[in-house]
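Protein chains in written order, with our numbering: chain A, 898 to 1282; chain B, 4 to 608.
None of these hints come from the bench; they were simulated from the model.
One or more hints might be untrue.
Said to hold, decoys possible - Just a sample of chain A residues kept apart from chain B, beta carbon distances all over 10 Å, derived: (1) Leu935; (2) Lys1014; (3) Asn1019; (4) Ala1053; (5) Glu1116; (6) Asp1123; (7) Asp1193; (8) Thr1222; (9) Lys1258; (10) Met1276.
Said to hold, decoys possible - Restraint-style ranges between C-beta atoms, simulated for each label pair: (11) A:Lys1014 to B:Gly581: 46 to 56 Å; (12) A:Asp1108 to B:Gly543: 21 to 31 Å; (13) A:Lys920 to B:Asp527: 46 to 56 Å.
Heads up, the beta-carbon is just placed ideally off N, CA and C, and yes, glycines get one too.
Listed below are the residues making up each chain.
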Amino acid sequence: MTGNNYKKRPLELYLHIPFCVRKCHYCDFLSGPADASLQEQYMKALLAELSGRSGECREYQVQTVFVGGGTPSVVDAVWMDRIVEEIKRSYDLAEDAEITIEINPGTVDRDKLEIYKRAGINRLSIGLQSAVDEELRRLGRIHTPEQFLRTYQEAAGAGFTNINVDVMSALPGQTPESYRRTLDMLMGLCPRPAHISAYSLIIEEGTPFHDLWEQGKLELPDEDNDRLMYALTGEVLGANGYHRYEISNYALDGYECRHNCGYWQRKEYLGFGIGAASLMKEWRFRNGQDIRKYVDSPLFQREELKQLSLEERMEEFLFLGLRMTKGVSCEAFLKAFGQRITDVYGEVIQRNMRDGLLAFKEGSYHLTDRGMDVSNYVMAQFLLG
Amino acid sequence: MAAYDQSKIRNFCIVAHIDHGKSTLADRIIEKTGLLTSREMQAQVLDNMELERERGITIKAQSVRTVYKARNGEEYIFNLIDTPGHVDFNYEVSRSLAACDGAILVVDAAQGIEAQTLANVYLALDHNLDVFPVINKIDLPSAEPDRVKEEIEDVIGLEAHDAPLISAKNGIGIEEVLEQIVEKIPAPKGNPENPLQALIFDSIYDSYKGVIIFCRIMEGTVKKGTMIRMMATGAKQEVVEVGYFGAGQFIPCEELSAGMVGYITASIKNVKDTAVGDTVTDDRRPCAAPLPGYKKVQSMVYCGMYPADGAKYPDLRDALEKLQLNDASLNYEPETSIALGFGFRCGFLGLLHLEIIQERLEREYNLDLVTTAPGVIYKIYKTNGEVIELTNPSNMPDPSEIEYMEEPIVSAEIMVTSEFIGSIMELCQERRGKYLGMEYIEGSRALLKYELPLNEIIYDFFDALKSRSRGYASFDYDLKGYEQSTLVKLDILINREEVDALSFIVHADSAYERGRKMCEKLKDEIPRHLFEIPIQAAVGGKIIARETVKAMRKDVLAKCYGGDITRKKKLLEKQKEGKKRMRQIGNVEIPQKAFMSVLKLDDRK
Chain A
898 MTGNNYKKRP
908 LELYLHIPFC
918 VRKCHYCDFL
928 SGPADASLQE
938 QYMKALLAEL
948 SGRSGECREY
958 QVQTVFVGGG
968 TPSVVDAVWM
978 DRIVEEIKRS
988 YDLAEDAEIT
998 IEINPGTVDR
1008 DKLEIYKRAG
1018 INRLSIGLQS
1028 AVDEELRRLG
1038 RIHTPEQFLR
1048 TYQEAAGAGF
1058 TNINVDVMSA
1068 LPGQTPESYR
1078 RTLDMLMGLC
1088 PRPAHISAYS
1098 LIIEEGTPFH
1108 DLWEQGKLEL
1118 PDEDNDRLMY
1128 ALTGEVLGAN
1138 GYHRYEISNY
1148 ALDGYECRHN
1158 CGYWQRKEYL
1168 GFGIGAASLM
1178 KEWRFRNGQD
1188 IRKYVDSPLF
1198 QREELKQLSL
1208 EERMEEFLFL
1218 GLRMTKGVSC
1228 EAFLKAFGQR
1238 ITDVYGEVIQ
1248 RNMRDGLLAF
1258 KEGSYHLTDR
1268 GMDVSNYVMA
1278 QFLLG
Chain B
4 MAAYDQSKIR
14 NFCIVAHIDH
24 GKSTLADRII
34 EKTGLLTSRE
44 MQAQVLDNME
54 LERERGITIK
64 AQSVRTVYKA
74 RNGEEYIFNL
84 IDTPGHVDFN
94 YEVSRSLAAC
104 DGAILVVDAA
114 QGIEAQTLAN
124 VYLALDHNLD
134 VFPVINKIDL
144 PSAEPDRVKE
154 EIEDVIGLEA
164 HDAPLISAKN
174 GIGIEEVLEQ
184 IVEKIPAPKG
194 NPENPLQALI
204 FDSIYDSYKG
214 VIIFCRIMEG
224 TVKKGTMIRM
234 MATGAKQEVV
244 EVGYFGAGQF
254 IPCEELSAGM
264 VGYITASIKN
274 VKDTAVGDTV
284 TDDRRPCAAP
294 LPGYKKVQSM
304 VYCGMYPADG
314 AKYPDLRDAL
324 EKLQLNDASL
334 NYEPETSIAL
344 GFGFRCGFLG
354 LLHLEIIQER
364 LEREYNLDLV
374 TTAPGVIYKI
384 YKTNGEVIEL
394 TNPSNMPDPS
404 EIEYMEEPIV
414 SAEIMVTSEF
424 IGSIMELCQE
434 RRGKYLGMEY
444 IEGSRALLKY
454 ELPLNEIIYD
464 FFDALKSRSR
474 GYASFDYDLK
484 GYEQSTLVKL
494 DILINREEVD
504 ALSFIVHADS
514 AYERGRKMCE
524 KLKDEIPRHL
534 FEIPIQAAVG
544 GKIIARETVK
554 AMRKDVLAKC
564 YGGDITRKKK
574 LLEKQKEGKK
584 RMRQIGNVEI
594 PQKAFMSVLK
604 LDDRK
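Okay, chain A solo, but in the shape it has when bound:
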């Protein structure tokens, strides 16, 4: 389905794989262990949804595909091959499309990675979280730092050059010293990972960590150490040639994750699989979370459909766009909404510039370093309601 001459609208696809070997203690994503038969039914449903929705997307060209979870690498690699095949068959997939899959150490081997590569997947996102064994065990991760190293080398060996590694700070029992060991290990990798996502642990309701935390049994780093680790991320990664392009994301030049940037820039995307969210033609909606229902009729699970008002679109433009270090462009705002950003947000912008949280550069407003630290505080002010 390639070869149209007129310019198509860009589209991103997100595919949710809700399976993992075992749920980590901090995880509140929609995922869990499942037997091979349910996995098979689900993957078939996902293929059916992909094929069934292609009609909605005739005027689009797919720029990025992101297979996330859960741990997508727990399912048989053959399914990934079929999925990319299905996308190529039913959609206009750009030749240079970014196709990412999330994997976890301990769930892949060289064969699996080679199947991914042959299928056309060109970006890997590996969940390391920590290079300290003790910290991994406390998180309930299934792998060791050594397993990560093996997986990483196998991935490189299979020909992947665009690899992201996830790390986390503010973990129970973590110290600035142990966090530095994690960062140092990453920086010592050869080849170097092209991209690093550095998150802080968030204690989410409904997770075992939340229960422990409420009982006062979760020993988290104190504020000073938390801040030290946070500063360390920028310091170590900066010194090694990575630039921060979003609150939690760092990349070597040219390796920013196009798919995630699409979210911050309000590009259109379509989510497949349970719980997956979409933004199409200024409607937001998502699939329901019930896996049985989804397996029975994958095309009829959309819920929470909401058409965004002009105000809501402006709000999103700001609180998403400000996540990126380059910020929000005045021109893009004017083009999208027909109003000047200062006419809508003049007062808020002024206040936050005065407080040193916002700055103006090259036609864009962006968060300062201090503004990044307290970004929720800033973004909440951009809500119009």
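Following the hints, put chain B in place on chain A, whose structure we already have.
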């Protein structure tokens, strides 16, 4: 209605300590005398305000009339007057008692006599009521009826050998109570031909009938057309209707004569005209003198009440106006606070009364309120000879203009089991109590007598008392009068700005301790800002305590929720919503609840 025969009327009330089963017994009496079938009975007919049911206490006096056919074959009219059950309403209690000829004393078979039991029974004896005891909850495994009987005889001096042993809850022994009402409570006296003399023991406002006066006719007769006059307030009106109290309804009748209990309506617009304790007489043929004991009800506790949303000020005013129609003891006047905007300074009988009004405003009128720390009325003697009564700390004159100050003192009685005497004495000591004495009641319990400043007991004394005695201590008090005291105004500064709504008056010796606790509490309540916020307590411009709210360092959602933008937005909305519930003082945002949480400072819980 049976023909009017004074000897067949019994006017009585039930006195008890809270939770000893007063209202349940009242229900059983109503049920057994056939006024309502048990199917029609809502639990506790007399406590008909939703709040009263929830809290298990009676707030307004209620009354009900039933007919009982006694074993001697005669029919008797019972007027049961249910009295408010809390020390805040002591005056109302005393007027209800004055409307009765006798009282039933209910004592819990397991717990025995408590501070309120004593206070209430003495109050009843003071009014020359004939009191007979009943022992309730005899079906409890821990019941000790014989011990409790002995206690009643020893401590109160009431004959208790034939006290009915009952379980009001399970309907055991109720017949015996009814018979003793006939035998032991005297019939009323008074001559229906004399000039009208009736005691007001309560009144309520009804939007159709105007004020409905609850009264006991002492002398004379009142009927439709009588021109009545309230002797204290001077209000005059022609009677529209008289009647008696059915269960939850008013039943009109021809006339009310000496000895009867009932109601009068006369198109009166305001309950302030029909003050509790006032005497109703016939304007054309007045009685020689009013009944004794009338007191103008005075507010003891004041606080500021502000709408959380400033735009709701008119709604709050309307709501207070409506509540006052029914509650003459509620006072309010408009005031403004720099911190809280427009609101009202409200006066109450006590802290419970305050809480009830606050809850009713919130529930029945759907208002979100910010309440300032409750305080008492201080008397300030100024150097220029002027005396002012201070209800709002912000209005305290400059110390240089003050000769001296006085604060209200109460006489308190605390009943406690002996193991907790030490910790309760310690509490009273901390609250500047003056020890007057102690009496042992049987081996294991003591009655402690103290004089305490009212301002030390109004916020959290009751809670502290309960927590330091594992719930065993009980407490009762009476206003004794005013005494000179060294008082200072404690100011709270947030980010170096004085917050008027947080100022309060405190004894000089407690200022440091209270200031320190206030700062600590506020530190927990005020969220972090971009900058550091000092919280200071000051007396007369001198800083006596300080805490600091550190600057916000991190407020970021690092995690990637994929494309789930809705979830991100909800988080931000919650944050923004939280800000709306804050009060801006200078450039600091203070949550509404900070103004109230500082009331409870006892940290020994």
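Hint by hint, here is what the structure shows:
no.	hint	verdict
1	Leu935	22 Å, holds
2	Lys1014	24 Å, holds
3	Asn1019	19 Å, holds
4	Ala1053	24 Å, holds
5	Glu1116	18 Å, holds
6	Asp1123	7 Å, violated
7	Asp1193	24 Å, holds
8	Thr1222	13 Å, holds
9	Lys1258	21 Å, holds
10	Met1276	5 Å, violated
11	A:Lys1014 to B:Gly581: 46 to 56 Å	48 Å, holds
12	A:Asp1108 to B:Gly543: 21 to 31 Å	50 Å, violated
13	A:Lys920 to B:Asp527: 46 to 56 Å	34 Å, violated
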